[in-house]
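*Asks:* One-letter residues, chain by chain:
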Amino acid sequence: MSKSKSPPSSMTNRVKILRTFPRFSASQRWEHAILLVSIAILLLTGLPQKYASSAWAQVVISSPERLAIIQQIHHITALVLTALVLYHLGKACYLIAKRKLPGDMLPTLQDIKDAWNMLLYLVYIKKQKPAFGKYNFEQKVTYWFLFFSIGILIISGYTMWFPETITRVLPGGVIPAAIMAHSTEAIATAIFIVLWHFYHVHLERLNLSIFSGWLNEEDMRAYHSLEYDQLVRKPRSNQDSGDINS
Amino acid sequence: MFKLQHVNKLPGVFLVVGILILASLLWFTPTRAREYAQETEQYCLSCHSNPDLEMTLPSGETLSLYISQEQLKDSVHSPNGIECEACHTDITTYPHPAIEYQNVRELSRSYYAACQKCHPDNYTKTQDSMHAQVAEAGNLDAPICTDCHGSHYVQPPDQPRTLIPSTCGNCHTEEYSTYQSSIHGNALVQESNPDVPVCTTCHGVHNIQDPRTQQFRVDEPDLCASCHADQEMMNKYGLSADVYDLYSLSWHGVDVSVYDARWPTIQHNSAVCTDCHGIHDILNPDDPNSSVNPDNLLVTCQKCHPGVSPNWTGAWTGHYEISLQRTPFLYYVDWFYSFFTPMILWICGIYVALQIIRLVVDRARRSLR
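Residue numbers (the working numbering), protein chains in the order written: chain P, 1 to 246; chain V, 247 to 615.
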């Protein structure tokens, strides 16, 4: 980064060394890319169906054939997203079985304290931001919110897709409930992604580590100081990025 | 000689001028019944009041030529001065011109064109109707004005109101008998109910259209709503006037409203009112024979959703408000999202706003320092 201050006094020469820290494995980056594309397609094909009677949706859904195509794209993308979720859960189960699941993403009591301290910092009661580990509470909220909302969307989506089969087992009342849950949850998820996620990765700072896989030293110190301290003190080989191959 | 000739021309000039005035009067006010006032009725009845007066047409059919003076006096035309010659324009005196019609039907189909002179609007409407199309296709039994209204003894067609279905029922016997046993028909006959629909309420009067078209189908919920969304009328019978609005929000209703607005002529299958409730045979849902009675509902659903299990009927919430008793799943989902979505919006919004404020203030301070 060009804005970097002069290197610490401990450094003897004047050469600037840009250290990067691995953050996401190739598998995780692919998962995010597929998730991003599939959620975008699902939203773009879902919203015109939800608001079918409004004028803007009628531009997209200009004929019954178009509607059928849009539904088909929605269904195929849903299958891709389902496969992704199954892969993600399968990998988690595999890592749990091998006792290798990194616990970084699990919510802890510290996260609630962090959130409270962050709030105090934001209203100028505290002078310092809390120090965060590999995933701060904002990132954990992003992950777990999407985890559960995608869960709701997948379950309600399949209920709407195969209502005849579902009602062989479950009472009929779940069908209209699923319709309402699917369309309302999708809106809540869209609001969340745009407000919360886009702010944190685009506005607060442009964080492209989920695409590149690494984070630079400056950002590591500013946003993940606990992890940074841990990493620079310990040898690199101990670090676990959460990948199957690691 | 010259003078005599001049005098002889005068009556001719008067005659021509008189005819011109009369013709112009007739020409410019063709719909005013009074213009047809004639004094021919008594003259005609001097022969036609004979009950035995009849003739045989070339087809072998016997055409009665008897006119009942009493019934004629009761009709809407005669007391208003619209007499024989208004319609029988070709007959001015005795002996009459020869009748060239082969059979009675041909005669009727020719004479009914006379109705157009005074009733041009309704006559034109009938030319667009399903009945006219059927006649054009070759069915000469398709009704003309006189089949429904009568010829010589025309009466107000809706007095009493029960007269309407029975008139239609002359040809549409099956629909008529089905209608009579329906909740609408039964209320009309038993209680002389003034609100229930008769044939013409739904099908129209003179410009009756084919009810089997896609356009008729998608317009149908609006048709039923013209009474069933009328709060005042529904209150009289203890019925809910919200059925249409709630239907419009349901899976079927949303689908139908999109097709109605955009593709009214394109075939689709989402259920409209009559698919579940029946058409002429609509019954009270509490009636054990009703297609929407809880006992028969599964069979009704299976018409479109073949092979669904008994649980399926529970998926239908179309006419009911969300309630804990009737639709518990929907109730809890609705309850959850009533605070969850706004909560997400507010928490995200406030948190991000606070962060932006802090970020901007900090940067501003740093740059001022």
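In case anyone wonders, no lab produced these hints; they're calculated from the structure.
On a predicted model such as this, the values are computed, not experimentally measured, just so you know.
There's no promise every hint is true.
These stretches of chain V come out as covered by chain P in the derived footprint (C-beta under 8 Å, 3 or more residues) [to be verified]:
(1) 506-517
(2) 559-572
(3) 581-592
(4) 600-606
Each computed DMTMM-like pair below joins lysine to aspartate or glutamate, with the alpha-carbon atoms no more than 25 Å apart [to be verified]:
(5) P:LYS50 with V:ASP608
(6) P:LYS50 with V:ASP468
(7) P:LYS50 with V:ASP488
(8) P:LYS50 with V:GLU567
(9) P:LYS140 with P:GLU218
(10) P:LYS126 with V:ASP488
(11) V:LYS371 with V:ASP465
Ideal Cβ placement from N, Cα and C applies to all residues, glycine included.
*Asks:* Hints broken by the structure, by number, lowest first?
*Replies:* Result: hints 5 and 10 break, sorted rising.
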